[in-house]
Amino acid sequence: MNQQAMAGAAPASGGQGSTQKPLGQRLIELGLITEAQLNLALREQKRDGGYLGEVLVKLGFLSQDALTNNLALETQTRVVDVLNTVVDDEVLGMVPYIMAKQLKVLPISQDEGVLTVALADAFNVVAIDTLEKKTGLQVEIVSAAEADILETIERHYAQGSSIDDTVETLLRDGTGLDEEEGREESSMPRLVDQIIALGIKNRATDIHIEPEEKIMRIRMRVDGVLRQEVLVPSVLRPALTARIKLMADMDVTEKRVPQDGRIRFLFGRREVDLRVSSLPTNHGESVVMRILESADTRPNFRQLGLGEQEFRQVHEVIERPFGMVLVTGPTGSGKTTTLYSSLGEIDAIKRSVFTLEDPVEYSMPMVRQTQIKEDVGMTFASGLRSLLRQDPDVILVGEIRDQETAQLATRAALTGHLVFSTLHTNNAVGAIARLADMGVEPYLLPAALTAVIGQRLLRSICPHCKTPIPNSDQVLDELSFDTSRYQGAQLYKGEGCDQCRGLGYVGRRAIYEVLVLNDNFHDPIMHGAPASELQQLAEDAGMCSMLHDGMRKACAGLTTVEEVLRVVR
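Take 5 as the starting number for the sequence shown in my numbering and just add one per residue.
Simulated from the structure, these hints should not be mistaken for lab results.
Since the structure is predicted, the reported quantities are computational estimates derived from the model, not experimental observations.
Taking CB as the label site, the calculated pair distances span: (1) T257 with L77: 53 to 59 Å; (2) R489 with L34: 33 to 39 Å; (3) T471 with T38: 44 to 50 Å; (4) R505 with I473: 19 to 25 Å; (5) G532 with V229: 38 to 44 Å; (6) R505 with E144: 27 to 33 Å; (7) R268 with H531: 49 to 55 Å; (8) V229 with D169: 25 to 31 Å.
Beta carbons are placed, not taken as given, at the ideal position from N, Cα and C, and that holds for glycine.
I would like the entire structure built from these sequences, with the hints used as guidance.
Right, dumping it as structure tokens:
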């Protein structure tokens with residue numbers, strides 16, 4: 005049986021195996037992929053092997069969620085979000101860690117002789133038989149993405165000794181830096197692996213290794229907030245730092261100057277990229293590891309959390325053949341995620357897509373990505389000048405930092421190219437004044453600038469301890485702006501529990517404002533209108549501000565009013 009048929013076959017119990025259309029044909033009929041994308045994926049599958057669904061996801065033509073939902077429909081099983089599922093330790097104990105990893109299965113719950121397990125391949129009768137023999141229970145299957153199952157297995161099951169145990173072993177046996185820094189079986193590599201794995205499990209965006217006189221403080225930024233995780237004796241600092249630098253392909257012997265590197269870390273089946281930075285301090289080198297989302301964990305355009313109106317506006321702008329689309333916000337506000345997700349909506353088979361990035365954070369199929377290297381003269385401006393000779397249709401410029409880049413990006417948008425980039429401004433209308441300050445002639449802006457997306461990230465209420473606030477209208481009345489449109493809404497808060505470590509928040513989501521320029525903006529921009537006038541003009545045209553988008557999400561029970569005010573005001 006060929007791979008396409010295997011991926012789309014119906015379960016034997018359904019008796020439909022001979023009548024089912026191939027997976028690729030069904031996905032085309034559902035409008036999830038095009039004929040051209042299917043043909044390209046089939047060629048890739050023939051060359052490299054694997055299941056068709058996996059190839060489509062790898063190429064970026066199909067999201068993992070869409071594939072999982074389609075296969076669940078085939079097998080008549082329900083889809084479970086295993087990444088956010090709480091599993092009792094007693095249930096986990098029914099299936100040993102090694103077996104769970106080999107079979108790619110996660111036990112979910114047990115009730116009256118039935119063990120419910122998440123399985124990526126519901127056709128895997130061998131796995132089901134093995135589980136039933138091992139547990140003596142009837143097995144019920146639910147569906148989940150294989151990568152999610154493997155990641156959740158790593159999160160839930162104990163992985164050998166704890167960080168404290170490893171530190172004790174190192175203190176007892178010594179680090180053996182000269183002989184052991186490259187040996188995977190030694191304790192120091194295991195300690196670094198455990199620290200990185202803990203960061204990934206905790207959904208951290210950054211891991212800080214901070215040297216002090218007598219200790220090394222390991223902190224992790226989770227949901228935008230730094231929290232302490234581990235204290236390591238300073239005697240281990242040289243070996244710990246050397247191991248990280250070795251993994252990141254940095255110069256282990258050079259400790260006097262800052263360095264940058266990159267680590268590719270295997271977490272379950274998922275490959276996680278980390279961007280590493282070292283900086284000399286008075287107590288040794290400070291190391292920060294930025295955990296980058298992989299292509300299969302990054303949200304697609306439909307998962308960004310845009311409101312219905314904003315979604316339509318941005319999608320329409322992305323489909324235009326030319327113009328400039330800017331994403332604004334402070335560092336760490338999710339601008340790169342929005343850019344990549346938007347770029348994922350471009351049909352790269354029919355259009356020539358290029359990026360200029362510093363650094364290249366995520367690899368995208370069928371997109372030519374270029375790394376900025378200022379030390380050799382490869383700047384955003386010089387790269388953009390060269391790129392325009394490569395016959396591009398769509399250009400992503402990681403950031404507009406200077407006058408030359410701003411002018412080149414503007415002229416590219418005016419000469420038939422669709423340009424995406426970012427700016428550091430407080431809101432969407434601020435991008436207009438910022439471009440003018442950078443030397444872009446005001447008369448060019450109305451024609452070149454198509455849309456500006458302003459955004460912030462705020463924390464989401466923990467779903468495990470989410471509780472209603474009894475006096476919601478009173479809370480709204482006490483706010484310093486008009487909340488009449490929200491009266492009657494039920495507000496929520498997180499009480500704090502083990503799942504959120506008592507914080508009441510888990511995860512983050514974005515709030516947006518989308519400014520789409522029209523003819524009404526022409527004269528005000530030409531005459532240098534102040535930001536307040538442009539803001540009013542935008543709101544008169546129907547723009548929902550970040551504040552009100554945040555309030556919409558608070559009234560929907562997704563976050564709290566306090567969190568909205570913390571981020572926006």
